[in-house]
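We have chain R; now place chains A and G onto it with these hints.
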Amino acid sequence: MEPEAAEQRAGVSARESVPSKRFHVLVGVTGSVAALKLPLLLSSLLEIAGVDVQVVTTESAKHFYNAQEIPVPLYSDSDEWQTCVVRAWDLRRPVLFCPAMNTAMWEHPITAQQVAKLKEFGYTEIPCIQKRLVCGDEGYGAMAEVWTIVEKVKEVLERS
Amino acid sequence: MEPEAAEQRAGVSARESVPSKRFHVLVGVTGSVAALKLPLLLSSLLEIAGVDVQVVTTESAKHFYNAQEIPVPLYSDSDEWQTCVVRAWDLRRPVLFCPAMNTAMWEHPITAQQVAKLKEFGYTEIPCIQKRLVCGDEGYGAMAEVWTIVEKVKEVLERS
Amino acid sequence: MEPEAAEQRAGVSARESVPSKRFHVLVGVTGSVAALKLPLLLSSLLEIAGVDVQVVTTESAKHFYNAQEIPVPLYSDSDEWQTCVVRAWDLRRPVLFCPAMNTAMWEHPITAQQVAKLKEFGYTEIPCIQKRLVCGDEGYGAMAEVWTIVEKVKEVLERS
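Chains as they are written, first to last, in full-length UniProt numbering: chain R, 1 to 160; chain A, 1 to 160; chain G, 1 to 160.
Don't read these hints as lab results, they were simulated from the structure. Fair warning: there could be bad hints in the mix.
[Said to hold, decoys possible] Quick list of simulated restraints, FRET-style, between CB atoms:
(1) G:Arg93 - A:Gln114: 36 to 44 Å
(2) G:Gly136 - A:Thr148: 52 to 60 Å
(3) G:Leu40 - A:Glu155: 56 to 64 Å
(4) R:Val134 - G:Leu40: 40 to 48 Å
[Unchecked claim] Calculated Cβ distances over 10 Å to all of chain R for the following chain A residues:
(5) Ser43
(6) Val53
(7) Ile126
Note that CB positions come from ideal geometry on N, CA and C, so glycine has one too.
In isolation and in its complexed conformation, chain R is listed as follows (with noise of 0.2 Å):
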């Protein structure tokens, strides 16, 4: 999250006079049936002020939204890119990370621990959320709405 100088996204005045601060969002993407709202959470996180969007997805991921229709940088991971990027991500960084499942992968004990796994290295959590789910099953492991991930970004940018 580099502060710069006043500096926005297209069709906004280079002379606009108030400085701001540009962030760099990074969307990493999995294959959670989840991923079919990648296009919604990317046009919204894209109406935030001074933000740049970039996407890292795993091919799992890519079932469920068209590539075509990505309207910022993808990348791709058949290298286990994603993976890496995580892993050597400065976490003086934030990292959120949006759990998706199935209800029995949910209430299965190795979820919790892994959770646990990550908020231990600071990584902030955006609780999955209980609905039907698109297998149909009722319960637990829903991925957060669009909006509420986009209200969880906002704070953490107006905070760096």
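Same frame as chain R, now just chains A and G:
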């Protein structure tokens, strides 16, 4: 393990008067030489009354048996299907696991940690046995005998 | 590290009168830029008397050296061979590991946990050093110098 109305395998009259439970057993098989016992295990399981069997296999496991000789539905693992099945398992239903490996692998300290983790999840271990392994070493690590596995499956089904 | 009757590398007379131990050193190399030091490490190891060297490599590691220039048997990892070798290692024989990574990776809390786990298994760490990394960052994470590794290997062989 859903109880169902009297319904049995092919060859038994549908008018059979004693209702019986029907059980679904999913056999997961991974890349150990012990996978060569898959056909024997399947034929033994199929002798249990009211049992349906299906197999999910990794690609590596296929080196050890002939897929043509498997008399039940066989699901392959090119997309880590087996891992996903276990990850999304409804833990109200039993999971049995049968370790099978070389003695040096068995004695590596990570093995006891992994076995303990699986048991902590509520899975039931069918312990490996000591014998001369296919690689020539003598020691622990061999998969339990097929009849031991089948007896344990019956025990679990009877409690269901 | 099996002691054997006097037997040395090509070029040394078989009639050599002083018996000496013969050691087998297996070098595992993974996908870090530090892998570009493999040829130097091998030529240094081959100078130790009575040492046979073999290499097991991941596919990723091959981006960093020229397989044509490796003067010893080289086993590739398309089937996760390297992982299997470590997993089945007879722990009566020493394992040394040389971490090598970007500073941000090194500083991620998971690294200390993983290093601690390896040491708990009885493996010996040859600690990384601080320097300007290939990526331009300055900090810890660089692989130990080749001479440090070779000295440590000699020390271990002398105790065997």
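Structure-based check of each hint:
1. G:Arg93 - A:Gln114: 36 to 44 Å: violated, 22 Å
2. G:Gly136 - A:Thr148: 52 to 60 Å: Given range 52 to 60 Å: holds, Cβ gap about 59 Å.
3. G:Leu40 - A:Glu155: 56 to 64 Å: Given about 59 Å between the Cβ atoms, the range holds.
4. R:Val134 - G:Leu40: 40 to 48 Å: violated, 54 Å
5. Ser43: holds, 30 Å
6. Val53: holds, 21 Å
7. Ile126: holds, 21 Å
In the structure shown, a violation is registered for the earlier hints numbered 1 and 4, in ascending order.
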